[in-house]
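Given the sequences, and given the hints that come with them, work out the whole structure.
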Amino acid sequence: MDGRRLPDERGQAALNLLRHRVVLYLIGLTLGGIFLYAAYDKILHPRDFAKIVYHYRLIGPSQTIDPALANTLAVTLPWVEALTGLLLVTGLWRREAALVAALMLVMFLVAVGWAMAHGIDLANCGCFSVKAGEEGSGRALGWKLLAGDTAMLAAAVWLVVARPAPAPETAP
Amino acid sequence: MLKRVLVIVGAGAILGFAWNQWSGRGFELRANALVLPGDEEIKPAEAKKRLDKGALFLDVRPGLNYEIGHIPGALSYPLEKFDEMFPAMEPRLRDSMDIVVYCAGFGCDASHMAARKLKEKSIPAVVLQEGWPAWTDAGYPTKEGKQP
Chain A
228 MDGRRLPDER GQAALNLLRH RVVLYLIGLT LGGIFLYAAY DKILHPRDFA
278 KIVYHYRLIG PSQTIDPALA NTLAVTLPWV EALTGLLLVT GLWRREAALV
328 AALMLVMFLV AVGWAMAHGI DLANCGCFSV KAGEEGSGRA LGWKLLAGDT
378 AMLAAAVWLV VARPAPAPET AP
Chain B
91 MLKRVLVIVG AGAILGFAWN QWSGRGFELR ANALVLPGDE EIKPAEAKKR
141 LDKGALFLDV RPGLNYEIGH IPGALSYPLE KFDEMFPAME PRLRDSMDIV
191 VYCAGFGCDA SHMAARKLKE KSIPAVVLQE GWPAWTDAGY PTKEGKQP
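If you read the sequences in order, they're chains A and B. Take the first sequence: its position 2, counting from 1, is numbered 229 in the working numbering, and each next residue is one higher. Take the second sequence: its position 23, counting from 1, is numbered 113 in the working numbering, and each next residue is one higher.
Everything labelled a hint here was simulated from the structure, so no lab data went into it. Backbone N, C-alpha and C define an ideal beta-carbon position, used for all residues, glycine too. Among the clues, some could well be false.
What the hints assert, rightly or not - Here's a subset of chain B near chain A, in silico, CB distances under 8 Å, partners left out:
1. I98
2. G106
3. W109
4. N110
5. G116
6. F196
7. K211
8. E220
9. D227
10. Y230
Set out below in C-alpha cells:
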C-alpha cells in the first residue's frame with residue numbers, strides 16, 4: 228500500500244502498546260506509588276483520619292450509628308491501600324491488587340459525590356494528608372478531585388482487564 | 091482471583107487492627123475519635139434539660155452558621171475568635187455554673203477544643219454530643235438571627 232495504516236490498525240497498535248508488559252508495569256508502578264503515598268499519613272495519624280471519615284457523614288458517628296464503624300474503616304483502609312500499593316509497585320498479584328484499588332476508588336468516588344451532592348464542605352478530602360488548610364496539603368472536594376480519581380479508576384480497571392500483549396515474533 | 095482479593099483486604103485489615111493496637115498511635119475503636127480523656131459529652135435530651143434550667147450555651151461555629159440557626163439563648167462564640175473574645179466573655183462564663191458547648195457535629199471538633207480551652211482557664215464546660223444536627227434532629231427549638 229502507501230505505507231499508511233488503516234484507522235483500525237492504528238487503534239490495534241495503540242491497544243497493543245497499552246498492553247505492552249512495560250507499559251502495564253509502569254501504570255502499576257504509578258498507581259501503586261500513589262496508593263503508598265496516600266496511605267502513609269493516614270497510617271501515622273489514624274485518629275485524625277477517623278475525624279475526616281466522620282466529616283463525610285456516611286457511616287457515622289451519629290445518634291444512631293456507633294463510632295466503631297467509621298473508626299474501623301479509618302484504621303483498616305490505609306493498610307489495605309498500602310498493601311495494594313506495594314503489590315502494584317512490585318507487580319505481584321497485579322490484577323487482584325488493581326481490582327482492590329478500583330473498588331476503593333469507586334467507594335471514594337461515591338463518598339465524594341455524596342458529600343458534594345449534600346453540600347458538605349470539606350477542606351480536606353483525606354486523600355493524601357490528614358491535616359487541612361495551613362496545617363497540611365489537604366485537597367478540597369470538587370470536580371477536579373473527581374476527575375483525578377476517575378482517571379486512576381480507569382488505570383486500575385485497565386490493569387484488571389488488560390492481558391499483556393504477546394512478545395513480537397523475531398525472524399529466524 | 092476473588093480469593094486473592096479477599097487475602098489483600100483481609101491482610102490489610104489485620105495489619106490495620108494490629109497497628110492500632112500496638113503501635114502507640116492507635117485509639118479506642120468504640121469511642122468517638124474527637125473525644126479525649128477528660129472531655130465530657132452530654133446527649134441532646136440532657137442538654138435540653140440543662141437549657142430549661144438556665145445553662146449557658148456556647149455556639150462555637152462560625153458566625154454565619156449561628157445566624158442561620160442556633161439554640162435559643164446560646165451565645166455566638168466562634169472558636170477562631172476564642173482568645174480575641176475571651177476578655178469580654180469571661181465575666182459571663184465565670185458566673186455560669188453550667189456551660190454547654192456545641193458545634194456543627196459530624197466530625198466537628200471545635201466544641202471539644204473550646205471546652206478544653208475553657209477548662210484550661212478553670213471554667214468547666216461540657217460538649218453537646220453530635221452538636222447542632224443532633225439538637226435539630228431531636229426536634230428541639232431553634233432560633234434564627236444574630237440575637238441569642
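These are the hints, each one checked on the structure:
1. I98: It holds, given that the least Cβ distance between B:I98 and chain A is near 5 Å, below 8 Å.
2. G106: Hint holds; B:G106 Cβ to chain A Cβ min 4 Å, cut 8 Å.
3. W109: Check passed: Cβ of B:W109 comes within 7 Å of chain A, closer than 8 Å.
4. N110: holds, 4 Å
5. G116: Since chain A brings a Cβ to about 6 Å from B:G116, closer than 8 Å, the hint holds.
6. F196: Holds - the Cβ of B:F196 comes within 8 Å of chain A, reaching about 5 Å at its closest.
7. K211: Interface hint status for B:K211: violated (24 Å vs cutoff 8 Å).
8. E220: Check passed: Cβ of B:E220 comes within 6 Å of chain A, closer than 8 Å.
9. D227: OK, holds: B:D227 within 8 Å of chain A, min 7 Å.
10. Y230: Nearest chain A Cβ about 13 Å off; hint violated.
When the structure is compared with the earlier hints, violations turn up for hints 7 and 10 and for no others.
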